[in-house]
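Take these sequences, add in the hints, and give me the full structure.
Residues per chain are reported as follows:
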Amino acid sequence: MPKKVKTTVEFEGRVSEILVDIPDIETPLWGNDAELDIVGHPIPRVDGDKRVTGAAKYTSDILLPHMLYGRILRSAHPHAVVKSVNSSEAEKLPGVKAVISAFNTDPIRWHGSSSLFDKTARLVGDEVAAVAAVDEETAADALELIKVDYETLPFVTDMEEAMKDTAPKLWPNGNVVGGKPSIYERGSVSKGFAEADLVIEETFRTQTELHTCLETHGSVAFWEGDKLTVWDSTQAVFNVRDALAAALNIPSNHVRVIKQYMGGGFGSKLELGKYTVIAALLARRTNRPVRLMLTREEDQMNTGNRPATLQHVKVGVKKDGTLTAIELKSVNANGAYLGGAGCGAPYREMYLCANVRTEEYAVYVNTGRSRPARAPGHVQGTFGLESMMDVVSRKIGMDPLEFRKKNYATVNQAQTNPKPYSAKLLDQLYEAGAKKIDWWNRDKSRNSGDFHSRKRGVGMASQIWGGGGGPPAYALVKINRDGSVNVLSGTQDLGTGTKTIISQIAAEELGIALADVAVDLGDTETCPFSGSSGGSTTAASVGPAVRTAAADARLQLFEYAALELKVKPEELSSRRGKIFVKSDPQKSLPFKEAARKAGNNMIIGKGFRGPNPDGYSLNTFGAHFAEVEVDMETGRVTVLRHVAAHHSGRPFNPLTMTSQIEGGVIQSMGYALSEQRVIDPASGIPLNMNMENYKPMTALDVPTIEPILLTQVDEHCNTLGGKGIGEPPRIPAAAAIANAVADAIGIRIRELPITPDKVLAALKSSVPSHKV
Amino acid sequence: MRNFQHFNPASLAQATTTLSSKPDAWVIAGGIDLLGEMKNGIIQPGTLVNLKTLPNLDYIKFSESDGLRIGAMATLAKIEAHPDIRKHFTVLSQAAHSVATPQIRNVGTLGGNLCQRPRCWYYRNPAFHCLKKGGKECFSVSGENKYNAILGGGPVFIVHPSDCAPALISLGAEVTVAGPRGKRSMPLEKFFILPTENPLRENRLQAGEVVTEVHVPPFHDAGSSSSAHRSVYLKVKERGAWDFALASAAVSMETNAGMCRSVRVVLGGVAPIPWRCPQAEKTCMGKQIDEALAAEAGKASLAQAVPLGKNDYKVEMAANLIKRALLMCSASSASPR
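Protein chains in written order, with my numbering: chain A, 183 to 954; chain B, 126 to 462.
Treat the hints as calculated values from the structure; they're not laboratory data.
Each hint should be verified, as a subset may be incorrect.
[Unchecked claim] Under the rule of at most 25 Å between Cα atoms (straight-line distance), these lysine to aspartate or glutamate pairs were calculated in the DMTMM-like manner:
{"#": "1", "chain 1": "A", "residue 1": "Lys617", "chain 2": "A", "residue 2": "Glu888"}
{"#": "2", "chain 1": "A", "residue 1": "Lys265", "chain 2": "A", "residue 2": "Glu326"}
{"#": "3", "chain 1": "B", "residue 1": "Lys164", "chain 2": "A", "residue 2": "Glu479"}
{"#": "4", "chain 1": "B", "residue 1": "Lys271", "chain 2": "A", "residue 2": "Glu888"}
{"#": "5", "chain 1": "B", "residue 1": "Lys258", "chain 2": "A", "residue 2": "Glu377"}
Okay, here's the thing in structure tokens:
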């Protein structure tokens, strides 16, 4: 029996201690000198052909016999009591099969003290009723026939307004989440400010960003008797299964959740959605399958956001660049229901500083709820912190990069007993990135634009994130009698390449070709448990489990090969499709031949993720360098180059890693320059719930993105030597762009996104200075 | 979106008759703007009268004697790529190219581009019964008005979304419309109306009428060695593609021996109609255009601007665009990017 130990795991900045087994099959670290045939190589997506040809089945492609289409009626008011729902007209519409609301269903608890259909709506978009009909058009028509009697209540959508005593309250205990700020302090900031030669204060603001997944949220629900099958666009099939079973008060083994392909989640699909429960309720009521995909407008309105922030930052520094104190007071827009909001982590962790204090308010407002959004908190906080580091370095006349190197942290200071980082090569990333962007000659860039109307500048920013992953995560490896292999794990591929990386790891460990491995993910009935795909943890959590399962299966197969080769199983190894005697590699047997010998004696390798190492903090680091051009007459910012240097230990697949970096930079460009949710202040109605006026970047905006991957193995993190990369590239990009804009125009824009109106206003009202 | 009849008329006459006889009939060309309005519940047509199957409405003809004639059904993609338009009417080619995305330009037509409805997010949101839709209030006045009008506004503060209209007006184009009572033509500039004239409409199309052709007259003395005609369209967007103008400037200019002989300056994205700038034109006429003069022309054009609170930036932006476009059109300037 495996031995149980305690280990520390981190997910999206939350650290917890859990009980875990130590695998009894040892898989030694794939070190820097390991000879790997598949892992670490630029392998194209194993399912790329299916994705680009349309063969891949996304949730919205699931079409079942007699399937109905669900639609949700949403609150038209930001704050209102739903006094009654009259659906009689809607029910008379031919093709309408069911209408449900708070008035004809049992309450299902949601968001703590709220419910699935709450009789108080707290944002424009809250769920009020739902319809199942024979087609989407009929369902949409039915929504218009439902009469809702609202009693409107005073509302507040602005987080600073919401903090005032006079503001309308969303919840009885007031609008500040938990009634007080979340406070962290180490050392003493007042002492730190006293020691400083210079104390600088700045205020930064970030906007509400929407996840804008290309595939909207949605589910297909189908009952067979008392068993429910759900196809869901989710980052976490097991979270959805267990929460759905609890919501419907049925056992978990009566619920099967399937997610094969999905078009992006970015943190907004980490939990059970109301739409899933509504689809299940409608399906049960009508005894027919129900597909309920949210419209783009609904998706933008009420599936989460990266919360807006207000960051008051105060920094103490000595003339030689030593940081003496960092203080952050932040306000974060939580939305109408508890969602998680805060941006202080980078302030606490990024730079060496004995005196740090963060005081963070999360505030209820009558808008969509905040959800984790690709590096939650870190993206907002890093914009503030890294803008501030630029300001401070310029004020003391120090190069911004030198200033950052001066305050380099080698241990995780935010921990009670600070542990060293398992692998921090940020100094090398700084050097490599600076060289690539020609940092030391950037004055040349500044003067290379058409000097009258267009100015250029270069900026940089650093990044810290977790991404070490951890248990629990499980995998099965089955070897079929023809030597082909199935890998099963209850994780999910969000479009990030998980399936490809798992295939690589299994093929590498088994010593067979990638083409002989099929991977099945995202099915709670067939796959063993793995956790949510978030926090950049999937590869580092699931990968080692897959490797152990493959090692287990291989050992079992070796028993058959050993009989054939007349040696002991432990004398064998396998590579490139052959099982061979380690001491005499000529003595060998094709892997597939050994499988045939095993016949229908089922080979099932089991693997699970072991504990994380004691004594190290598992983190990932990066540094971005951007070059921009600012049109001084139109205010338009163009990113000309973006260098993104990252280290996450071994890159499992440089191709997927590069894709993650490119995607992260592109998404961040929108955050830096154009994306922003807009709410009409008078009515609380969001105005840009589309991709026309909520503006992600387009192909024409994307500059040359130049990734730099350091490939050194992290020898401490896990047996694969690699960590996650999903979120890191999102973290420093906007700050690097903002710093480049300040470098170009000599005026700092302290609020994202840096749109032409803000640049023109700044140019009009400020005097350029190199000390911004 | 509600169910509707889709009708393929046999002739233009049948199309206009149908449109005028059925109050809930709407014309569909490329459909890009129309479908958006239908999906957002802004309009609920009972019948769509399709112009795509009518012959001879998508031509682009150019001759030095007659100028340029474009059928209303010509796609924006065809217009931007047409060699004669690129050569002689750069401003139009650039304007067509600046619209939305290649996919939309492949479908969107010139007629549709000229007749598209405003993009104001209050207008497009069915939750707001705004003045433009027959309500009582223009919500942009005290609301989120970053994209709204700074010139010619009131009582409605939409901006006209067309890129081709300012370009064509700068070229002195006229438009032909066909209706149940036959065809009529007018300068394109006169086609558009201010909200003071009718807050519900942006143009003079009457019941049953559709745009059939745009004609750009030839230049007076094309080919004369000392004279040159240059035109340019500049558009500021918040991203590289799929965005309407924060502000745009169309300038078309004839110079003779470096002197401005005739010029038309038209702004887009700042007013409920394509906004002609006679002050800028007056400033430039008969003069050699240099940076100071171009800047003066830009400033003069925006002197009457009344920003709403969140769109002040458009004043400076539009003035700068006029300046830049004038400099690009005047032969004396080096070729700016």
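Comparing the hints with the structure gives:
{"no.": "1", "hint": "A:Lys617 x A:Glu888", "in the structure": "holds (12 Å)"}
{"no.": "2", "hint": "A:Lys265 x A:Glu326", "in the structure": "holds (18 Å)"}
{"no.": "3", "hint": "B:Lys164 x A:Glu479", "in the structure": "holds (11 Å)"}
{"no.": "4", "hint": "B:Lys271 x A:Glu888", "in the structure": "violated (34 Å)"}
{"no.": "5", "hint": "B:Lys258 x A:Glu377", "in the structure": "violated (64 Å)"}
Checked against the numbered hints given earlier, this structure breaks hints 4, 5; the rest are met.
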